[in-house]
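Asker: One-letter residues, chain by chain:
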Amino acid sequence: MEAFSIVVQQADASDQQNIEAAAGAGLAYGLAAIGPGIGIGYLVGKSVEAMARQPEAAGMVRTTMFLGIAFTEALALIGFVVFILLKFA
Amino acid sequence: MSEAAQQSTASPLTTRFDGPAPEWSIGRDMVRRGLLAGPIIVALCAVIWGGDGLWSSLYGVAIVLVNFALSAALIAVGARISLAVMMGAVLFGYLIRLGLIFAAVWFVQDESWISFPALGATIIVTHLGLLAWELRHVSLSLAFPGLKPEDPSATVSPTAAPPSDNN
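Here the protein sequences come in this chain order: A and B.
1 is the number of the first residue of the first sequence in our numbering; add one for each residue after it.
1 is the number of the first residue of the second sequence in our numbering; add one for each residue after it.
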């Protein structure tokens, strides 16, 4: 009976660790995705405004906008990599 | 804003761009450069993490290149419809692409060949490296436009509906 309770305690501790790791990983990924989401929204909003005001400059605006989006997205990807390292590795 | 200024600003809801999309050319450039630089990153990962690192790194390079291509396609298609659709495509596309990357990693999580440190390092290094490379090229062609080869078909032609009377 005593051995059984030790096994149960060990299993509970292991489950608790898994839950905490999953929660931490999910929190890291979620927090890392918020900032780039705001950044991309702001960036694209301003770009649309610029293109609507000055359509002849749209090519240049779209080029810099695309690169800006990709750079902002890199932050989310870094968060994602932290997530996969915490969750799967 | 004065009435004259309001009338000179095209509406984002009706303005669209029918010309060739600059995102396509940037995306194509990045994929081409990714195919050039990819083997170096893959070889480095193979040296550090062995055979698992090689396959994981290949998978990571593929994820990054598909992500760039999808991003460019979404913006280009959205801009052909209207600026408002383009903005929606960028924002929802961001969520969709994050979901797709997550799904791509989720599907291979139990495979024997996966090495997560190699995959993560490849995703970050390839993404930032290709961006920095493309940014250098774009900033040089913007700073010295005279050196850029002229492409007569590369003019963006905005098509805007006239502002409605009820605005």
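Since the hints were made in silico from the structure, they are not lab data.
Check the hints yourself; a few may be wrong.
Over 10 Å on every C-beta distance to chain A, these chain B residues come out as not near it, computed from the model [unchecked claim]:
| hint | residue |
| --- | --- |
| 1 | VAL66 |
| 2 | ALA79 |
| 3 | VAL138 |
The following label-pair restraints were derived from C-beta to C-beta distances [stated by the list, open to error]:
| hint | chain 1 | residue 1 | chain 2 | residue 2 | range |
| --- | --- | --- | --- | --- | --- |
| 4 | B | ARG32 | A | ALA57 | 54 to 60 Å |
| 5 | A | LYS46 | B | ALA103 | 29 to 35 Å |
| 6 | A | ILE6 | B | GLU111 | 32 to 38 Å |
| 7 | A | GLU49 | B | ALA132 | 26 to 32 Å |
| 8 | B | ALA132 | A | GLY41 | 22 to 28 Å |
| 9 | A | ALA74 | B | ASP18 | 28 to 34 Å |
| 10 | B | GLY19 | A | ARG53 | 17 to 23 Å |
| 11 | B | GLY99 | A | ILE19 | 19 to 25 Å |
| 12 | A | LEU27 | B | ALA104 | 18 to 24 Å |
| 13 | B | ARG32 | A | ASN18 | 54 to 60 Å |
| 14 | B | HIS137 | A | ALA57 | 43 to 49 Å |
| 15 | A | ALA21 | B | PHE107 | 18 to 24 Å |
Computed from a prediction, not measured in an experiment: that's the story for all the values here.
Note that beta-carbon positions come from the ideal geometry of N, C-alpha and C, so glycine has one too.
Asker: With reference to the structure, classify each hint as holding or not holding.
Answerer: Verification of the hints:
For VAL66(B), the condition that its CB be more than 10 Å from all CB atoms of chain A holds, with the nearest at approximately 13 Å. The beta carbon of ALA79(B) is not kept farther than 10 Å from every beta carbon of chain A, the shortest such distance being approximately 7 Å. Not every CB of chain A lies more than 10 Å from the CB of VAL138(B), the least distance being 6 Å, so the non-interface label is violated. Between ARG32(B) and ALA57(A) the C-beta distance comes to about 27 Å, which lies outside the given range of 54 to 60 Å.
Take LYS46(A) and ALA103(B): their Cβ atoms lie about 31 Å apart, and the range 29 to 35 Å holds. Distance hint check: the CB atoms of ILE6(A) and GLU111(B) are about 35 Å apart, consistent with the given range 32 to 38 Å. As the Cβ distance of GLU49(A) to ALA132(B) is approximately 27 Å, the hint placing it in 26 to 32 Å holds. Between ALA132(B) and GLY41(A) the beta carbons are some 24 Å apart, a value that agrees with the proposed interval 22 to 28 Å.
Range check, ALA74(A) to ASP18(B): about 31 Å between beta-carbon atoms, so the 28 to 34 Å window is met. For the pair GLY19(B) and ARG53(A), the beta carbons lie near 18 Å from each other, so the given range of 17 to 23 Å is met. Range check, GLY99(B) to ILE19(A): about 23 Å between beta-carbon atoms, so the 19 to 25 Å window is met. Checked against the hint of 18 to 24 Å, the C-beta distance between LEU27(A) and ALA104(B) comes to roughly 22 Å, which is consistent with it.
Checked against the hint of 54 to 60 Å, the C-beta distance between ARG32(B) and ASN18(A) comes to roughly 43 Å, which is inconsistent with it. Checking the proposed 43 to 49 Å range against HIS137(B) and ALA57(A) shows it is violated: the Cβ atoms sit about 20 Å from each other. For ALA21(A) and PHE107(B), the Cβ-Cβ distance of about 20 Å falls inside the hinted range of 18 to 24 Å, so the restraint holds.
In the structure shown, a violation is registered for the earlier hints numbered 2, 3, 4, 13 and 14, in ascending order.
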